[in-house]
Structures are given as C-alpha cells and as structure tokens.
Amino acid sequence: MNLLTIITVHRDDYSSLSASYNSLKPFLFYAQHKINWLVIDGSEYRSNLGHLCNCNNISIIQECDSGIYNAMNKGILRTESKYLTFLNAGDFLCIKPAEYSCIIDLLSSSSVDMISFSWSQFNFLSNQYVKRSPVLPNNLTSYRMPSVHQSLIYSTSLLTTHLFNESYIICGDYDNYLTLLRLPTFTYLSQADYTWARFDLTGISSKKPNLLFKETIKAFRNHKTDKSFYANALFYFIVFFRIYIRFILLSLSNCLHVNKL
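Numbering (my numbering), first residue to last: 1 to 261.
Be a bit skeptical, because a hint or two may be false.
Claimed, not checked - The following label-pair restraints were derived from C-beta to C-beta distances:
| hint | residue 1 | residue 2 | range |
| --- | --- | --- | --- |
| 1 | D105 | R221 | 17 to 27 Å |
| 2 | R78 | C102 | 26 to 36 Å |
| 3 | T161 | K214 | 39 to 49 Å |
| 4 | N56 | R221 | 38 to 48 Å |
| 5 | L181 | S133 | 17 to 27 Å |
In short, the hints are calculated from the structure, not lab data. Each residue gets a CB set at the ideal place from its N, CA and C atoms; glycine is no exception.
The whole structure should be built from the sequences, with the hints applied where relevant.
Pasting the structure below:
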C-alpha cells in the first residue's frame, strides 16, 4: 500500500495542471513507490494528458462530474493509500528535497486522522509569499480550519466514510472538517515546521466572497453547537471581515498590476 495519494481535480486548465505537476515531479520521483498522484479530469473535451501516463505513480480518471466536491469524492473512493491530500490545479507543492525523507518517515509512523502543515500565501502588504502556520483546535479556534485544505493530509479510511457534502460549491472542506472535529475518536497532528503547499489566491473562494461567506455560515449552522449567541455572532463577524478584506486587497493588487502593464 502506498503512503500518500495527492489528488488534483482538473477541468479545462492545462497550464495550471502543468504548473502543479512541475512542483510535484521531484517528490514523485523520490518516493515513486510510496507516493502517487491522482488526477480527476472533468474537462468537457478530453484533455491531452498522455505524457502524464508514462509515470508509474500517476493515474488519470477522465469522466464528467457534477462539481468540485463530486470530483474530490471520486478521488477519495479511488484512493488505496494510507493517507490522501488535495492539491488544486495551479497550487504548488513546497516541500524541500531535504525534507522528503522526514515526510515519508512521518507518514509511515503516524496513525492520526489528520495532519496539518504550514502553507505559503501571498501577502499583499509585503508583496511576497509568506509562511502561515496551522492553528491547533481549541475552544476559541475550533470553528477555524487548522490550515488551508491544500496543506491538510487526511486518513483515507476516515474520509472514505465521511465524504464531502456535494451541495457546496466552495466550503465543502470546511463543512467536512466540522464533521470530523466532532467525532469522539478524531485525532490530529500539527507539523508547523514543514511548509507543504503554496496557496493560489486567484481561486474561486477569493473571487466570490459573497458565496464564500454564505457557505461558511451554512456549514456553521449545519453543525449545531452549545456556544453562546455572542460567540456565534463574533464568529460571523470575523469570517465576514476576513473574507472581504482579502477580496479588497486582491482587487487592489490586480488593479496595480494592470496599471504597471
């Protein structure tokens, strides 16, 4: 059994898929008998991905899907490795070659349900990518994702029995996290020393803040808690504020970039 399957959902964006592939190649080559890449291709017109089929540890599933979480569930159900993770087309794997053996050892020895890593995210104020560390769940932060989903590694056996809710467009991973967090046997490990992935801020969640906010609140309400009204209200405000500040900064950055051209 492989240790890890990296699942990438792809649809009509070959350049982004190629960028992700180039970031994955060294790791796939280093751990070719332990790590594999599974591409779920839902393009309307079948993509020419033949060159990827030449690698023994790359698999491609080409079939239609009803949405991003339907495609991700297809990947989960086709995974036979101990752990799995998701890397969007256009995102980059950031693990350094010197860290490969440490990651392999960690996956081999670990038995937890979820492992979170740090991630790299663009900072609009400094105009560069910076490291973000995962958040350890506690009473104050239990409603927050510990990391972006690109830097979360899941137990395959657990996720197979707790698939993503396909009614979501953006926040299915958040809804799923709230489900897992409330399982009595759920176990979690944080590895802040390793930066796993670079998060692409041009994705749909950054471009549609209204939808992101709406689905975040939907997920929160679907998981009833004993938190007080004021705690819930504070959470709503924080989510709303963070989403719109990020959207404004992204829009401003795009305008400045266009003006420079």
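Do the hints match the structure? See the list:
no.: 1; hint: D105 x R221: 17 to 27 Å; result: violated (41 Å)
no.: 2; hint: R78 x C102: 26 to 36 Å; result: holds (28 Å)
no.: 3; hint: T161 x K214: 39 to 49 Å; result: violated (28 Å)
no.: 4; hint: N56 x R221: 38 to 48 Å; result: holds (45 Å)
no.: 5; hint: L181 x S133: 17 to 27 Å; result: holds (19 Å)
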